[in-house]
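K.L.:
Chain by chain, the residues run as shown.
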Amino acid sequence: MPLLTLACVIIIVTYVCVALLAPVLAPFGQFDVSAGAYQPWDKTHKLGTDNLGRDILSRLMYGLRNSLGIALVTAIIAFLVGVGLGVMSAVGGGWLDQVLSRLVDVLMAIPGLIFALLLLSITGPSIWAMITIIALVEATRIYRLARGVSLNIATADFVEAARIRGEGLPWIIAREIVPNATAPLLAEFGLRFSYVFLFVSALSFLGLGIQPPFAELGSMVRDNAVLITYGEITPLLPAATIAGLTVSVNILVDWYLKEFG
Amino acid sequence: MADKKPILSIKNLSVSAGPENDPIPVLNGVDLDLYKGEVLGLIGESGAGKSTLGLAAMGYFRRGCRVTGGTVTCAGVDLLAMTDQQREAIHGTKIAYVAQSAAASFNPAYRLMDQVTETARIRAGTPAAKARSDALELFERMKLPEPHQFGLRYPHQVSGGQLQRALTAMAMLCQPDIVIFDEPTTALDVTTQVDVLGTMKDAVRDFGIAGIYVSHDLTVVAQMADRIKVLLRGRQVEEAPTRDMLASPQQEYTKSLWSVRKIQKPPSVGSKSPEMRIQVEGVHASYGKVPVLEDVSINVRAGETLAIVGESGSGKSTLARVLTGLLKPRAGRVLLNGTEAASGYRQRSKSDLRAVQMIYQMPDTALNDQQSVGTIIGRPLTFYHGLRGEQNRKRASELLEMIGMDPKVFLQRTPRQLSGGQKQRICIARALAAEPTVLICDEVTSALDQIVAEGILRLLEGLQKDLNFAQVFITHDLTTVRAIADTVAVMELGRIVEFGPRDVVLDDPQKPYTRKLLRSVPEMDPNWLDDIRREFAKDTETATSPEGRAAP
Amino acid sequence: MQSIVKMIATRLALGVLVLLAVSVIIFASVEALPGDIAVEILGQNATPEAVAAIRRDLGLDIPAIPRYLAWISGVVQGDFGNSLANQRPISELMGTRLSNTAFLAAFTAAISVPLALTLGILLALFRDTTGDRVTNASGLAAVSVPEFFLAYVLVYLFSSKLGWLPAISNINPDMTLLERMERTLLPAITLTLVVSAHMMRMTRTAIIDLLEAMYVEQAYLKGLSRRRVILVHALPNALTPIINVVMLNLAYLVVGVVVVEVVFVYPGLGQLMVDSVAARDVPVVQTCCLVFSATFVLLNLLADVLAQLTNPRLLHPR
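Protein chains in written order, with our numbering: chain G, 495 to 755; chain W, 2 to 553; chain D, 707 to 1024.
These are calculated hints, taken from the structure and not from any lab test.
Mixed in with the good hints, there may be bad ones.
Unchecked claim - With a straight-line cut-off of 25 Å between C-alpha atoms, the simulated DSS-like cross-links for lysine-lysine are:
hint	chain 1	residue 1	chain 2	residue 2
1	D	K712	W	K290
2	W	K266	W	K290
3	W	K256	W	K266
4	W	K202	W	K539
5	W	K95	W	K131
6	G	K540	D	K712
As the list claims (entries may be wrong) - Chain G is nowhere near these chain D residues, computed Cβ spacing over 12 Å in every case:
hint	residue
7	A719
8	G721
9	Q783
10	I827
11	M887
12	V935
13	Q1014
Source: prediction; values computed, not measured.
Heads up, the beta-carbon is just placed ideally off N, CA and C, and yes, glycines get one too.
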């Protein structure tokens, strides 16, 4: 494994540990107003305080925990739905495939973020609305890929051999298709998780995602953006935290695809 | 020859591929001398390094290949020590190249004439008009249809055989000293191959060109080469003048290349008429609106092998799909063991599905890499015969022993750990696990090297003797037909043109197409090409060639 | 010729069909989601009169199908209905904002397309060198960071620290082109970074695929110089993949615009859409969504048609 990839793995592991241990590691709670607004960096508030006087370091940890958790749940839902339907479409064919594929074609003609904004304007911002909407949008992309990958495998001779042996659809999917699709699907999961993470933080940054007072990396950037014009780098920290994770995941996936793809 | 100086000389050439710290040897200290006016045949199986050696003769190496030692001397100069510019000056004008796939070797964006004359115009400084008239002359000489129009076409507008001839014309246009032919007829059907081989042989002779002819097919090389060099895994095995090599190969490996030709199934004895295993009656089938099978009727009895032969697009693989129920015919029916089977596999009963088992051309894609050999063979045992646990393992081990593989070693392996021939054996074991009455073999040996193919054919023959299944054997290779078939069906454009006992069809064909197809298959005899062209020339006086018909 | 016209007509018809389907989805989203949209917007304590008024404004008192037909026929004639928030016609709200967004997108495209294509082609030609690896890896990094991160880093550097460029892109119609460009430069650079990285990586892959083609090897073996092989044999065939890459990324640009406009308070369509989502002004959001999707579909359609037009198989049928 190249050094760069190894560094990315270490970064990802660190992120996950911080997210899991945030309540233990963070010096303050995520809602605690512990000082005046916009305090500079000092001993008690290592990274200063935000617009409401909350400790930024603690909110970064909790923000990571919240964003990561939500992104993971969303990505898993999107993945289960997308892969499930995609594989079924590819192997089953027929009207189900026709209907789903045309529907996905049309849904994908609407840019993802734009469609999410439309749906959010109807449902109003809430965590579950956001999770459902992002999962729906991303599931269409995953469906496309999973269907393509499975279709490729489904035309292989060993699947044909299973068909003319008389095997049923569930057996073919579970034993022939899925085991052979693991590598591309795993890579796709990595990429999709990274997209979802960006998606969640973008919506929160726009003020339409996770609502205050919950700490979220995207909304932390938004809350403190005004400091940038004064030459402070504090608002860049949550943005850099997001970037650190997504870049690491992407580099890891890139390596994985070269190695096993 | 010994007193003459070679025009091309390769000394002790070694080439590696793969990472620097873990190189994979491609060529290992190979020598080669080429003299003026002769054709040297390079023969070997996949991975022998023959294409790399052919390209090395031009001082060209594909991406990832590195020279680790040796020289390539042409007209007294080392090609490997040259700059790129110096090599460019020689390529195309002094040494030219004819590739395997003409369709991929022509640029889709330009007319053929522009591509054929490019080197002459750019490198040799020939005026465009002169280059065009030279090319026209070559087109005429190569009997390309409507030579004046031909150059105006784009590559996708002409047939494969014509493109391959145009590629040869492109190589010849600057009258090079040396031409490298890299499997130039491998992608063609046999009837087209005769014409293209003839064109190339004439061109080499007329222009007094020295050539290197790379091929895996001994019979083809025999027609083209004066001398033959045999390669095995990057090393030279033996080298001799063609006639000597054919008459008495010295090395064991070289002899093994001939081995498939030694099998011949004795004609089926007696007039016993065992029961019918499979009968196809008046089948019509199509993909969408395109008809691919028309009024096909065949039958196979127990213990009998039917070979289905035909060129690409004749519908032979489609017939296999109808037999297995993957493609529902538009009309006609398929009888298994005397009773009509459902046309689609989904509607067939489990016992009908069990009765017909299939073995594929590409063992690599026919096995699921994620399953162990035990699982692959064990599944049909569970599925059809309800064998589980210890019983299943025991039966799977027996099957492995039947195909000559040690169950202790192979039961736990995955296909990734097996060679091509071993994979094909596993495919056979999987088919036998079902205890079929009909085995369908779709070009099962064409992806394998000769010696491995021979092993597979012998195995199938032995198994058939023991288990008495009927076999439908699809192939384009007539040597294989002689080796295994009892009856033969010849297909052309979706129809059966001839069907009967092997010796009757092969030795006394009744239809002109069968005669042409059979005679187009190259033989070991170096005179075969010249003889057959003379015969065909006589025929064409009365009929038109299929190439002529195919022209747009 | 005939086959070309037929191809274009088919693609156009298909594009229109997709757009119609998209409009149905945008329209139907309001119907399909659970709950009463009027109550959702006003909150649980709204008076029945207020709810009824909103329902009337949204046209919810009319059955869905005639309502859709009325809406879509209005859209076709340029009448998108009225904003829920301030009752003004939506077409009026969009007017200058649409052209502002188009300006930003065009500005970005003008920088990023030549830049990315040149870099991508160079990387392909010099692949596996250190320069290639570094550039390619930076490109990967650039596509995986959030747009607002890039935006704020640029603001921090060029606005807060160096003071070269304004942090806020408040443009208005009275400005000269030069002033506009100065104010739009930071958002345009941000978008360029994101889009070029994508475009560069995709161009590199497309060109490498092309250089692996057998006819490129044959061209070398014909004795042609590297220059001629690349310029005469490889590049003309690169047109099709490059068109696809460019169009795909311009379509991507359409979406990237939203976040960047918010960061720089740029008065464009993306900003309008985000504000309207926050205000629950559903008709405005629907219209913005339709406009963005139409652009997206049209760019894809254009890519498809152009790619077909550069295909020799279509230009010179058998």
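K.L.:
Of the numbered hints stated earlier in the document, which are not met by this structure?
P.N.:
Of the numbered hints given earlier, those the structure breaks are 2, 6 and 8, listed in rising order.
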